[in-house]
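4 protein chains.
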Amino acid sequence: MSYATARLPREKVFRDPVHNYIYVQHQVILDLINTREFQRLRRIKQLGTASLIFHGAEHSRFTHSLGVYEVTRQICDNFQRNYPMEIPGDGGWDDRYRLTALCAALLHDIGHGPYSHTFEHIFHTDHEAITAEILTSPTTEVNQVLRRVSPTFPEEVASVIQKTHPNPQVVQMISSQIDADRMDYLLRDAYFTGTEYGTFDITRILRVMRPYKDGIAFAMNGMHAVEDYIISRFQMYQQVYFHPVSRSMEVILDHLLARANELYQNGNEDESFVPHLLLPFFNHKFDLKDYLNLDDGVLTTYFIHWRDSDDEILADLAHRFLDRKPLKSAIFSEETQDLIPHLRELIASAGFNIDYYTATDNSYDLPYDDAYDPRVTHPLTQIELQEPDGSLRELSTVSDLVNAIRGKFSGDQRFFFPKEMLSPDSHDPELFQPIYDEFKQYIQNNQLIQPKETDHHDH
Amino acid sequence: MSYATARLPREKVFRDPVHNYIYVQHQVILDLINTREFQRLRRIKQLGTASLIFHGAEHSRFTHSLGVYEVTRQICDNFQRNYPMEIPGDGGWDDRYRLTALCAALLHDIGHGPYSHTFEHIFHTDHEAITAEILTSPTTEVNQVLRRVSPTFPEEVASVIQKTHPNPQVVQMISSQIDADRMDYLLRDAYFTGTEYGTFDITRILRVMRPYKDGIAFAMNGMHAVEDYIISRFQMYQQVYFHPVSRSMEVILDHLLARANELYQNGNEDESFVPHLLLPFFNHKFDLKDYLNLDDGVLTTYFIHWRDSDDEILADLAHRFLDRKPLKSAIFSEETQDLIPHLRELIASAGFNIDYYTATDNSYDLPYDDAYDPRVTHPLTQIELQEPDGSLRELSTVSDLVNAIRGKFSGDQRFFFPKEMLSPDSHDPELFQPIYDEFKQYIQNNQLIQPKETDHHDH
Amino acid sequence: MSYATARLPREKVFRDPVHNYIYVQHQVILDLINTREFQRLRRIKQLGTASLIFHGAEHSRFTHSLGVYEVTRQICDNFQRNYPMEIPGDGGWDDRYRLTALCAALLHDIGHGPYSHTFEHIFHTDHEAITAEILTSPTTEVNQVLRRVSPTFPEEVASVIQKTHPNPQVVQMISSQIDADRMDYLLRDAYFTGTEYGTFDITRILRVMRPYKDGIAFAMNGMHAVEDYIISRFQMYQQVYFHPVSRSMEVILDHLLARANELYQNGNEDESFVPHLLLPFFNHKFDLKDYLNLDDGVLTTYFIHWRDSDDEILADLAHRFLDRKPLKSAIFSEETQDLIPHLRELIASAGFNIDYYTATDNSYDLPYDDAYDPRVTHPLTQIELQEPDGSLRELSTVSDLVNAIRGKFSGDQRFFFPKEMLSPDSHDPELFQPIYDEFKQYIQNNQLIQPKETDHHDH
Amino acid sequence: MSYATARLPREKVFRDPVHNYIYVQHQVILDLINTREFQRLRRIKQLGTASLIFHGAEHSRFTHSLGVYEVTRQICDNFQRNYPMEIPGDGGWDDRYRLTALCAALLHDIGHGPYSHTFEHIFHTDHEAITAEILTSPTTEVNQVLRRVSPTFPEEVASVIQKTHPNPQVVQMISSQIDADRMDYLLRDAYFTGTEYGTFDITRILRVMRPYKDGIAFAMNGMHAVEDYIISRFQMYQQVYFHPVSRSMEVILDHLLARANELYQNGNEDESFVPHLLLPFFNHKFDLKDYLNLDDGVLTTYFIHWRDSDDEILADLAHRFLDRKPLKSAIFSEETQDLIPHLRELIASAGFNIDYYTATDNSYDLPYDDAYDPRVTHPLTQIELQEPDGSLRELSTVSDLVNAIRGKFSGDQRFFFPKEMLSPDSHDPELFQPIYDEFKQYIQNNQLIQPKETDHHDH
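As they're listed, the protein sequences go chains A, B, C and D.
Throughout the first sequence, residue numbering follows the UniProt record's numbering, covering 1 to 459 in sequence.
Throughout the second sequence, residue numbering follows the UniProt record's numbering, covering 1 to 459 in sequence.
Throughout the third sequence, residue numbering follows the UniProt record's numbering, covering 1 to 459 in sequence.
Throughout the fourth sequence, residue numbering follows the UniProt record's numbering, covering 1 to 459 in sequence.
In short, the hints are calculated from the structure, not lab data.
One or more of the hints may lead you astray.
[Said to hold, decoys possible] Cross-link-like lysine-lysine pairs, in silico, BS3-like; alpha carbons within 25 Å at most: (1) C:K12 - D:K12; (2) D:K328 - C:K12; (3) D:K325 - C:K289; (4) A:K419 - B:K12; (5) D:K12 - C:K440.
[Stated by the list, open to error] Some, not all, of what chain D presents toward chain B, calculated at C-beta under 7 Å: (6) D389; (7) E394; (8) N445.
Predicted model, so just to flag it, every value in this text is computed and none were measured.
All C-beta atoms, glycine included, are put in the ideal place defined by N, C-alpha and C.
Take the sequences, apply the hints, and build the full model.
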């Protein structure tokens, strides 16, 4: 029996609060879990700054990756039990792709770093490219495990994650509107945040999932389960992933890293303290090992140093991030966005550097899922429902609810600014009071508004 | 209205997966949560190394502290609604102590540092003393908030945590066999590990709790709920807190910090990398600020550096901790403990430094709860049940189950050793094979045994 | 202290799987629960025939009534704690109405009989009128309890249920789009059916509920919780309450009672067995006592007798109901409804009495909730959201999802027919085979269709 | 493919709140579920009078039977996947017994009637004998389905239920200390009562279960899961099954049926109303069809008639049962049981017929499980734990908790009497007051006591 097909003498389980148990049946999977690249994911939070709002959500990418593996395993089991390929091209499931699918599921996020979205924004890294590199570079333990399966196996697994693998069923298991990745993170994030709207009936969805020639479809009588999943996903985006306070903490993080980078580029960094593990990124010369040394704790350790920096802005932003002092925000629209330059002037008058203490942001910027972004021209695969007679119907032609979400979703755009503008500390100078008073007139019901025409024209 | 009694205009909630919501009603509590000392608890895991075994258990001391606060709040509400003091000394609840109780609940763990038990073992810190210092030192934000209530309030809150407060009801809320602390951590750890045995019916326990002159008792008709709590606690200790792999990871951590300390004391530390934030502890000269700069991420950041150290032992132990390579262990008894020196010799022959690669440990060493330790002479307060006519009966005189646990529990003692002794890597030298073969004869059913008298005498 | 305000010396609880505990604090409530009219509700299933599809859903109207009481109690507590009336007319909650609200909540379904909808259809009873009669007739124990509060109290409670009470907050607690009744039954039915789509975050909804001058509104920041409730309700209707097999069992029940009634009216009833407790209804002369003697078990006891009746149709329908032999159904549309007369002919040719073995039904006929029925011209009160500045906005102007449901929902219409038409028993006469073959051509994907132009024109 | 092995073209599921889904894969199982004998179980409550105390527990024997089937199916799957028989006698699982096991699981309770324990006490029926008869009598639909498998199959299935089947693994799946029956009812009763102490980790127990030559054992590393199950079972008995109010309602039921029987035997029954379906039982001449016509609703329908009987005792007991007026009870001991005759005298003096209004009962009388009854000489099979090397150890030699339950459990004995003795109605005659006053002196803390030597000797 080859390494590729070697089953463990007895299946191993990992206790998991979301799926109850994660079942590991292949030596390859166990070996991948034990690599240092995979263990590193324990030190990277799945939801980044969201745990500062939903305090239970401190779970890591490690637990999510195990979960995606487990969901994929269950899909393969169901497919093999009920819809095995009998002759090539019949649309059934070809179980020879099982290990490929399982490895791709387990490793799909292996290239993530700490606070990926923000980190990538400042340092121009790319977690998808790094994922591929971890799989295919001979320097990694992950690659060594995969190569033992076969010399081409690392590339094959990478091609699933890159959606170039020829078997559309394998690709859609990992990347589609209803894939193992999304199913796990919705359930997991709901569990750890303690929100109920993120739950849906995964057992039923797995049950109505079925392979066909061009990918994966869902039995028509499972339409409501699929619909419920879509609604749950929508609600998690609205209430958790797009939470304005979480976005404001990301703004602070972004500006903090930007400030540190700027100081370094200008030669103004603190001599007494060297952030060794970040230097390769400041210098734009990093290799895979440098990247794999990073985790959440490395960044916060540097923030602890920076909180005592002589640079006031660096110190203050590090304090705001570590000690959770979010910015405030207000929604703006096309009509009210012209007010922002004036508001920035007011904020500057109150003594803030507006480059570091204000921002605009819309929820599209968040990289969780491109499904809701109308600007994405090639959306993910559609969700297909299968009638008893085999014909397919696209979900939104059947479900009014899904149709409602699809066409109309618009997210929100927010202007972020220091909390002090609305609720000054007692030790703020009195002379700023008129500035604060004017500022307040522009905010109502958490939105920017054009103030009533009182006397603000005389500014 | 004074700061002490100031209620928030509208109560604030924190979404919590264990208690659903945490309700904050006092400005003082909100201000304490926003201090930097309290926010730091987000960066310290509640269960330390246990998350390496129960991967869901990545929750922090921050979430636990909020939970203890919430349970205490519910106890106060119940007491005030049903058993308010009417005349002093009647055994009823005096609601003037509510804020004291709430603050003590919230802050009872504020002095914890990263991996407290191990850290304290190596660096001789004391989280209880530090808790008191955080409350009473004018340098902390926590103290500043508490002092706004009254000049003596910091000391009063500290005295509850130190069990010297004159009101026994307040003390027992926070520290007794069934207190808000234990109730929260059992439920929370069960939730995040995904184990069910840790759950019990907290609503019912809160309902049957009642104040009396000397503390807190439980209605006799709630006996089974109390019993169930005791059993759940027992099972969590057996299965989670005393888990042998978790203990083995603590052994590695302990030896890793010891090695680093030793290298430093001997002047052998790595010149190119200075663990700034640990220096005060290596030098035995640290102040509160130094302590409050520490968190889990600081330690693991140093471990990442040390993993590349020139000192082989330091590098290897850091690798084993970061990349989760636990030691193996076997139970030993009074009869078999004499085998250990010979086993250590074998391990040394196989090339391991036995000071850093072996250990013995018994589960009593774990500092979670002194209730099960027969060596503790003054155990926690007994659990008293109250009959309808007001008379009290101690729980174990009523419950056979509790009695069974109380008298007989004995824990286990384990000998820890490198996994390589049982399952050598393919690249281990062949000449070690006879050593491994002999070693294996001493282990059966996870226990040390005296091998059958075969030919091992001829070694 | 009067009976009206008498609190129990210690609150009593009922263990409830949905709300954990039901808290009873008034002697009046405890006395009402102990009346024979209320205890009778234990013998009437909440969901009627739905338990034949969702086997867990065997819960009674008794448990639901306790649940509605408990939700109402929690609403009153929240209102009194946070929004008490300070001066009359200020829109705050007037806690003098608490007992009225609690009694109305507890008793709102007291007039229900076994399989109410169907029973009313055949025997022209009216559970709402009977509810009012139970409250106000001096013959009932319920009335005796209510009268002890005050002579006008029975009428006052009845007026809440009839929505004529002057306080709109009290009325909307019990009857509105989001009332205690609906919140309890959705959660309870979801719990007992084991479906997850019916759950929503009741704690959060109760938290964002607030009284105002014209009734009850919801804080704008609770919009998503309200939205989630609406979606959950929609999904429960789609998947549980409108389940086609459940509707088919109601068709059988309806036809069974109709047949028994017809036989009685024609003097053809079985002489050897008299359904004593139904006679008053056959005779159109029943009083309240007769009505209160009925329950599910009385009907099924008669069905057991009828299953052995000499009347073949009565016996067969009783068998189909007791032994769960549902009819089949297919969806029809305006285009395909003209096919039904021909299908009925085919069914008659196969030997079935089409009056008793076919039916058409649309889901609007189900009396659960008028919110989805476009034919209802005066729907329930709108759901109002309250902005921070106090202004109100109707929910569907804010939520795309709710808007989607509101405008487009269309339900389905089904034609019911014997299962034998699609899957004949082995002992069906062979000569019917051509009939069955033709019939099948009219059904595809569970819908009526115009068959392809084969040779069916020559019928 | 034979009927015996015929798998459904696509597996069917039943939504179940306890196991999420019940999976049906064989045509035989589906046909058995659709028999009238099995459907009848929908009309018989699983917990009888306990639903009068735990109002959620209205579930039927139908749902429990499906659950036992599902647990058995999962055990078979696990055994076949991990421990298949390879050569006869190797202790592995022989999957040819799967259908036998599944049918026995589904049908093990098919002979139960309404309120079985009490009914059997009065009418001398025997649900176990009737179960065997239903399986083997050619008059039943169940038998017809089983016979299609093979002529000897009905007897084979019956032999599993009667524990005479030669394969001990099959027998122990259905009847042992940890069998599918007990596992389902504990989880199900916990779910529907809403109590948490009944839950345990069934997934883990199923995982550590393994077949061996003489039956079924459990892996040593699953010891705590098994222990937790035993404790949960213990707590369910203590808190639900032995609940004193539930037992008091059974006393009333017992006396009610006894009274009706007595009146009939004496020719005193009500002429105007004939309880047709009970006559065969009054006459001691019933056949299987008579028995299968009974259900809970039949009995309560007769109680509704009897509530209006001219016989005061019959009418009153029917009222107490239907309208839930439990007796009170007090615990007695060997020392205090001699007080009972005097208490009965007092009760008689207050106007009660002591044959119908008092009773003694101990919890051993309850037929749920013989495991706790020290008088049972041949207890159920022991629970065996399996060490890694294959050796077996009996559970109580390993678990202190289990040992504690085994040796010491003693249950309680109670004396039941009318509530009026302790809390007289306002319309009770005043002259009884001294009787009540004396009676009360014998009860303290819910126990019989010898009153203090006051003046009661002068009665």
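Here's how the hints hold up against the structure:
{"no.": "1", "hint": "C:K12 - D:K12", "verdict": "violated, 44 Å"}
{"no.": "2", "hint": "D:K328 - C:K12", "verdict": "holds, 17 Å"}
{"no.": "3", "hint": "D:K325 - C:K289", "verdict": "holds, 20 Å"}
{"no.": "4", "hint": "A:K419 - B:K12", "verdict": "holds, 18 Å"}
{"no.": "5", "hint": "D:K12 - C:K440", "verdict": "holds, 23 Å"}
{"no.": "6", "hint": "D389", "verdict": "holds, 6 Å"}
{"no.": "7", "hint": "E394", "verdict": "violated, 16 Å"}
{"no.": "8", "hint": "N445", "verdict": "holds, 5 Å"}
The structure fails to meet hints 1 and 7 from the earlier list, while all remaining hints are met.
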